[in-house]
Structures are given as structure tokens and as C-alpha cells.
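Engineer: Produce the complete structure using the sequences and hints provided.
Those sequence lines, one after another, are chains A, B and C. The numbering used here applies: residue 1 is where the first sequence begins, and numbers increase by one. The numbering used here applies: residue 1001 is where the second sequence begins, and numbers increase by one. The numbering used here applies: residue 2001 is where the third sequence begins, and numbers increase by one.
Keep in mind the hints are simulated off the structure, nothing from the lab. Every value quoted in this text rests on a predicted model; they were computed, and no experiment measured them. One thing to keep in mind: the hints can contain errors.
What the hints assert, rightly or not - Below 30 Å or equal to it, Euclidean Cα-Cα: the simulated DSS-like pairs (lysine-lysine) are:
1. A:LYS139 to A:LYS55
2. B:LYS1019 to B:LYS1119
3. A:LYS27 to B:LYS1079
4. B:LYS1119 to B:LYS1035
5. A:LYS53 to A:LYS27
6. C:LYS2245 to C:LYS2026
7. A:LYS53 to B:LYS1079
8. C:LYS2056 to C:LYS2193
9. B:LYS1035 to B:LYS1019
10. A:LYS59 to A:LYS148
11. C:LYS2056 to B:LYS1119
12. A:LYS55 to B:LYS1079
13. A:LYS53 to A:LYS70
14. C:LYS2082 to B:LYS1119
15. B:LYS1019 to C:LYS2082
16. B:LYS1035 to C:LYS2056
17. C:LYS2193 to C:LYS2245
18. C:LYS2082 to B:LYS1035
19. B:LYS1079 to A:LYS59
20. A:LYS59 to A:LYS88
21. C:LYS2056 to B:LYS1019
22. C:LYS2026 to B:LYS1019
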Amino acid sequence: MARGTIDLWVGIFVTAGFLGLLFLAFKVGSATNFSVAEGYVVTAEFDNIGGLKTKAPVKSAGVVVGRIEKIVFNNRTLRATVSMRLGKQFEFPRDSSVSILTAGLLGEQYVGLDGGGDVELLVDGDQIVLTQSAMVLEKVIGQFLFNKASESGGDK
Amino acid sequence: MFQRGVVAIGRLTVNGIWKIGAGTAFIGNVIARSKMTFARPRLFINEIYFAGTLSLIIIVVSGLFVGLVLGLQGYETLKRYGSAEAVGTLVALSLVRELGPVVAALLFASRAGSAMTAKIGIMKSSDQLSAMEMMAVDPFQRVITPMFWGGFFSMPLLAAIFSAMGILGGYLITVVVIGVDGGAFWSQMQASVDFQGDILNGIYKSIVFGFAVNAIALFEGFDCLPTAEGVSRAVTRTVVTSALAILALDFVLTAFMFTGA
Amino acid sequence: MDEKPTNKSNSMIEFESVTFCYGARKILDNVSVSVPTGKITAIFGGSGTGKTTFLKLVGGQLAPSHGTVKFDGQSIGGMSYKQLYAARRRMGMLYQFGALFTDLSVFENVIFPLREHTDLPEQILRDLAIMKLDAVGLRGARDLMTSELSGGMARRVALARAIALDPELIMYDEPFTGLDPVATAVIANLISKLNDALGLTSVLVTHDLEVSLNIVDYCIFFAAGSVVGQGTPDEIRQSDNPLIKQFINGEIDGPVPLHYPASDYRSDLGLGG
Ligand SMILES: Nc1ncnc2c1ncn2[C@@H]1O[C@H](COP(=O)(O)OP(=O)(O)O)[C@@H](O)[C@H]1O
Ligand SMILES: [Mg+2]
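Structural biologist: Rendered as C-alpha cells:
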């Protein structure tokens, strides 16, 4: 086959390949959202993280603003310390709170971040104090049955 | 009887170990003699044509059909839970994480890998490689290494094309034909497909598969018995060994990549 | 490239007690022989006596189990990769079935070694390739694909390709096998013409005595992995060596056994005790 024809077809193939890669990067995934590597890290302590995994999203108002980077057990407080990296373009007040939520009834768990009212902003290395643990289904059901049985109507 | 079985197992083991050793030496040799490929882009381009462009049709068509089926099946299942919009996520994640790299590599092995083995095998059995050597042209540098790099370069592109076509197929069947909301289709997909965790890992997989399939195909061709039957057996071995290698490597890579460690 | 042969002796190829084995099978057994420079030397022997093996040892594609193979005074086994490839540039080899590149046209086949080894402009390479094709009488066939060639034509194209780099030594592996008498005569004529015109040393491996004895200057007989006789064609014709006589007269069974070594025939058939 003529050299020119081969070049043309190789050109078409390589272009198609790179278009495919771009399509995957920008239309399917969202490489533009933020670069996680450039964000800042904040930590929070939870009594119970349920099934939270590293790399799970951190969402605020439903928008992905970061990823869970590390989960460790804190021997001193006997709680779980979760480090999350937030995109550097996102700013949150220092008194923001985090809770562990579930996407849909059986979906993946993620961290929800609710902004507070402080004028100072969270910076790298800060700890978020206000946390709400994961809902553990057995506990919720147990509590519900217990409340029903005692008919006391008291909270907690 | 029993003894014969043990002997057979022993022979398989010895052959297997010999193959792994010889294959590793072979691929080391290929990489060590790569200079000519990059000094002469013409060689490289011709092999991209041979491995990549000629595989384009089968990749595009198969990708499209796999996407159509995934979309249809996913929609039927998700509809029951009232989350038909999540079908975009399902199609995209299945493709970029698993089906894209794996199926594209399997197709590549049967389309391009077998052709490489046959070509090398025939060149060997008709003394073409030997004749080249006697012309003081190293067949490794002139024939085998460019084939390797051409195939290695083509594989991730083919996998990306496969995944992209599949996602378009899923879009076609669910959004255009069935009428799922297009905005929700893309947005849910974008929200849950992670660039680093899903797409890049999928690409890494296809790079590893490309390395394995090309190495196997060329080694089998180079190692075949120089007869018609030897070549045909080598082609079969390429397809079978590649398929096993792809699936086994996929398991290992998935275990490393997607278990949140 | 510019270093000219340092060898002053008049042997292009020397085998010094060379033994070669495939696994446990001895193919060549302690062979010492030399091929004179500038002459056509024939190597005769039945099928499977190690003639191709002999050529591959010269080309360095196989290494002897024992002994030394020398090309132009230099030991092939002692050469580095670079030296070996430099030596091969001075050799041409014509394979039994041509070994043409099946994905290239006739012209591309002949120009191949030139392209690989020189940086000359395309136009000059083209002219050189056409000259080589003309030398074998196939200038008009340059645009054919190799699949369109007859056996004799394929071998002539291969010959044009083998002489493309102007080698000093050319080796022919059974160039007459499977050719009709006319094609055989054409090839034989070419071999002898090229040898004189280009000042080559030629090694002609064959079992076709009739044709060969007319064109060669020296003969070496192989049987069962050893040299059983050598001499000029006249000496060979007059030889009373039974091995050579069997070969010349085409007797079925003689000193060269028809049978591959085997166990007793009767017991193989389950007849004997
Ligand atoms: N790759 C190989 N492995 C094992 N044996 C071989 C191989 N190649 C050739 N042989 C054996 O070596 C012997 C000599 O082969 P060869 O030199 O090709 O003979 P010929 O004189 O016909 O050219 C033959 O009996 C052949 O069976
Ligand atoms: Mg032979």
C-alpha cells in the first residue's frame, strides 16, 4: 500500500484514540472539577465511620469538593480520624460540620460538609470539630424498637 | 497411570518455567534493541497501522454493541429501583474500569496478536528472518521490536476508543431510543466516575495488557516450530495464552487498584 | 567497513575440527575443510547430511559445539555482535526457496539490503537495484509481487538481493531443487557468470552432480556428518571411492545407507523373539 495511505489511516486511528481519551477524561469523568493533588487537608474525628472508604467523595451542597485521603484509628480518643483533601478553590468557614451520609438507601457512603458562619476559613491541617457519625442500621432499628417498647417518648 | 500423570505434570511445569524464562529473556532483548524503532519512525508507523488501524473496525463495532447491551440491561434492572438515570454511571463504570480494557485487549489479541504471531512465524519458517540476518540486518531490530512498540502504543488507544464507543452506545439506546433524561445520564455519570480512580486506572490496565499481549504474540511467533503446523499452533497459543494472561492480570490489577488500600 | 581483509591465505572459509550437535545428535563430526578464495566450491551430500548446517555455521547463525569456523582468517565464534554483522555484510546467501520477503514487491526485495545499509539517495538506490535485477535478467519483473513468481524466478530475485551489497562470498543452498532443466541451466549459468564477473568466492550446496560438476572448481563430499572425499571435478569423476561412486551413479543403497538408524526390523514388526 502507498505510504501516504498508511499515514492517513494511522493519522485517523491515532486521532480517534486521543479523542476517545479526551472524551473519557472530560465528558465521562470530570478531570476539570478540581485537581485533588493541589488541595488542602483537614481532619475530623468520628465515633463511627460505618462503611466509609478512602477516596470516597466529600460533598457540600451536593457538589464534590474533595476526597477522603486517609482513615486511621486514634488510640488516645478511641475514635476514627478521617483526613480529607479539599480542592483549593473551595473555601469553608472554620465552624463547618461534617457528617457521614449514604447515597440512596444502599449506596456508597460519603462525607457531607455543611458550611458554618465563621469568618475565618479552614486551612491546611485544621480539624473540624462538629461531626456526626455514620448511621448504623442495626443501632437505628434497635433504638426504634426500644422506644416503641418503652413507650416513654423520651429522646435518647 | 498415576505415574504417567505425575510425569505429565512435571513436564508441564518444566515447559512452563522454560517458557517464562525464555519469554522474559526475549522481551528483555526486544526492549534492549529498541533504538532503531525510534530512530526510524517509518517502521513504527507501519506497525501502528498493522496493529492499530487494522483493529479499528472490530473495536468500534464491538464497543458500540457492548454499550448497547449494557445500556439495555442496565436500564431494565435500574428501572425497577426507580433509578433509571443511573444507567449512565453503570455503563461508564463497567466500561472504563473493566470491559473497555479487558474486551479491547481480548479483541486485540485475536485480531492483531494472532496476525503478529502468524507473520513472524511465517517469516521464520520461510527463512525470511534468517535471510535478513545473513544480510546483516538484525531481525529483532528491524521486524520484531517495531511490531512490539506499534502494538504497545495502539492498545491503550484502542481501549479508549472501545470505552468511548460503548458509552455512546449506552447513550444511544437509553437516552435516544428509550427516552431516559439526557442531562441526568451525563451528570450522574460525571459525578461518580473519578478521573484518577476509574479512568486512569483503566488506562493503566490497558497498558499492562498491551505489554502482555504483544510480548506473548511476538514470542510465540519467534519460538514456533518452523513448519505450517508449528505456525498454526503458535497462533492458537497466542490467543489462548493472551486471554488467560489478560484475565489473570485483570484480577491482580483490580485487586490492587480498586480495593481502597 | 574500510578495513580490507587482513588474511593472506587463500581460503575464504576454514573449518578446524568442527563438531556440531543438535541436542544429542551429532550432525557434523570433527570436520576440517577449507574453501578456496575466488573459486566455486561445491558441497555434495545427501539430504540431511548437514549441508545447510554447514552454511549456517559459516554465517554464524549456529555455533559449533567444538572446533573453530573461520571466515577470511577470523574466527566467527570469537567475533562480537558488531564484528559478526560486519562479516555478514561481506556474505550473501541464497536460500533453498529464495526466502524473499513476501510482503514486498520484487523491486523492494532487492533494494531492501541497500536501504538498510546505506544512506545513498533514493534515486541511486533505485538504479543499483535495477542493475542487480538486470544481472539476473528480471529487470522487467520488478513490480511483481513475490507470490507471482515461478520457483526459478524467485531464486533469481533472491540472487539479485544476495548480490546487492556486493559480497565477497556467496553461498547457495540447493539452488537447483525443484526447478525444471531450463531454469536449472539458467541458475547454473548465473552462478558461474557472477563468480567470474564479480570476483566472488562461491559455495554451492547441492546434490545435483551433473549440472554442478560442469561449473565448479572444487568439490567436497559430505556423508554422515564427515567429509568423505574432495577434489577437482575431474578427480571426482575418476574417483573410486565407493561413497562418491554411489552418489554419481545414483544407487539406492550403498555405503550411504538408505535407512535411518533403527532397531531390528523384524522385532519392530513384532515378529522376532
Ligand atoms: N533445528 C533443528 N533441530 C534439530 N535437528 C535439526 C534442526 N535442523 C536440522 N536438523 C537436523 O540436522 C540434520 C542436518 O540438517 P541440514 O543441515 O538441514 O541438512 P541438509 O544437508 O539436508 O541441508 C538433519 O538430519 C535435520 O534433521
Ligand atoms: Mg538443506
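Engineer: It remains to establish, for every hint, whether it holds in the given structure.
Structural biologist: Tested hints:
Distance hint between LYS139 (chain A) and LYS55 (chain A) is fulfilled; the C-alpha atoms sit about 26 Å from each other, no more than 30 Å. The straight-line distance between the Cα atoms of LYS1019 (chain B) and LYS1119 (chain B) is roughly 20 Å, inside the 30 Å bound, and the hint therefore holds. For the given pair, LYS27 (chain A) sits about 24 Å from LYS1079 (chain B) by alpha-carbon distance, which is consistent with the 30 Å threshold. A hinted pair counts as satisfied when its Cα atoms are at most 30 Å apart, and LYS1119 (chain B) with LYS1035 (chain B) qualifies at roughly 22 Å.
A distance of roughly 25 Å separates the Cα atoms of LYS53 (chain A) and LYS27 (chain A); the hinted pair therefore holds under the 30 Å criterion. This hinted pair checks out: LYS2245 (chain C) and LYS2026 (chain C) have alpha carbons roughly 25 Å apart, not beyond 30 Å. Restraint check: the Cα-Cα separation between LYS53 (chain A) and LYS1079 (chain B) comes to about 28 Å, which is no more than 30 Å; the hinted pair holds. Of the pairs offered as hints, the one joining LYS2056 (chain C) and LYS2193 (chain C) holds, with about 25 Å between alpha carbons and a cut-off of 30 Å not exceeded.
Taking the CA atoms of LYS1035 (chain B) and LYS1019 (chain B), the gap is about 26 Å. The hint holds against a cut of 30 Å. A hinted pair counts as satisfied when its Cα atoms are at most 30 Å apart, and LYS59 (chain A) with LYS148 (chain A) does not qualify at roughly 34 Å. Taken as a hint, the LYS2056 (chain C) and LYS1119 (chain B) pair is honoured in the structure, with Cα atoms around 23 Å apart against an allowance of 30 Å. In summary, the hint linking LYS55 (chain A) to LYS1079 (chain B) is supported, as the alpha carbons are separated by about 28 Å, within the 30 Å threshold.
For the hint linking LYS53 (chain A) to LYS70 (chain A), the alpha-carbon distance of about 9 Å falls within 30 Å, and the restraint holds. Straight-line distance between C-alpha atoms of LYS2082 (chain C) and LYS1119 (chain B) comes to about 27 Å, which keeps the hinted pair within the 30 Å bound. A hinted pair counts as satisfied when its Cα atoms are at most 30 Å apart, and LYS1019 (chain B) with LYS2082 (chain C) qualifies at roughly 28 Å. Under the criterion of a C-alpha separation no larger than 30 Å, the hint pairing LYS1035 (chain B) with LYS2056 (chain C) is consistent with the structure, at around 27 Å.
Proximity of LYS2193 (chain C) to LYS2245 (chain C) is assessed by CA-CA distance (about 29 Å); at most 30 Å being required, the pair is judged to hold. A hinted pair counts as satisfied when its Cα atoms are at most 30 Å apart, and LYS2082 (chain C) with LYS1035 (chain B) qualifies at roughly 15 Å. As the CA atoms of LYS1079 (chain B) and LYS59 (chain A) are separated by approximately 26 Å, the hinted pair is consistent with the 30 Å bound. Of the supplied pair hints, the one linking LYS59 (chain A) and LYS88 (chain A) holds, its CA atoms being roughly 14 Å apart against a limit of 30 Å.
At most 30 Å may separate the alpha-carbon atoms for a hinted pair to count; LYS2056 (chain C) and LYS1019 (chain B) meet this at roughly 25 Å. Pair hint LYS2026 (chain C) plus LYS1019 (chain B) holds up; C-alpha atoms about 26 Å apart against a cutoff of 30 Å.
Checked against the numbered hints given earlier, the structure breaks only hint 10 and satisfies all the rest.
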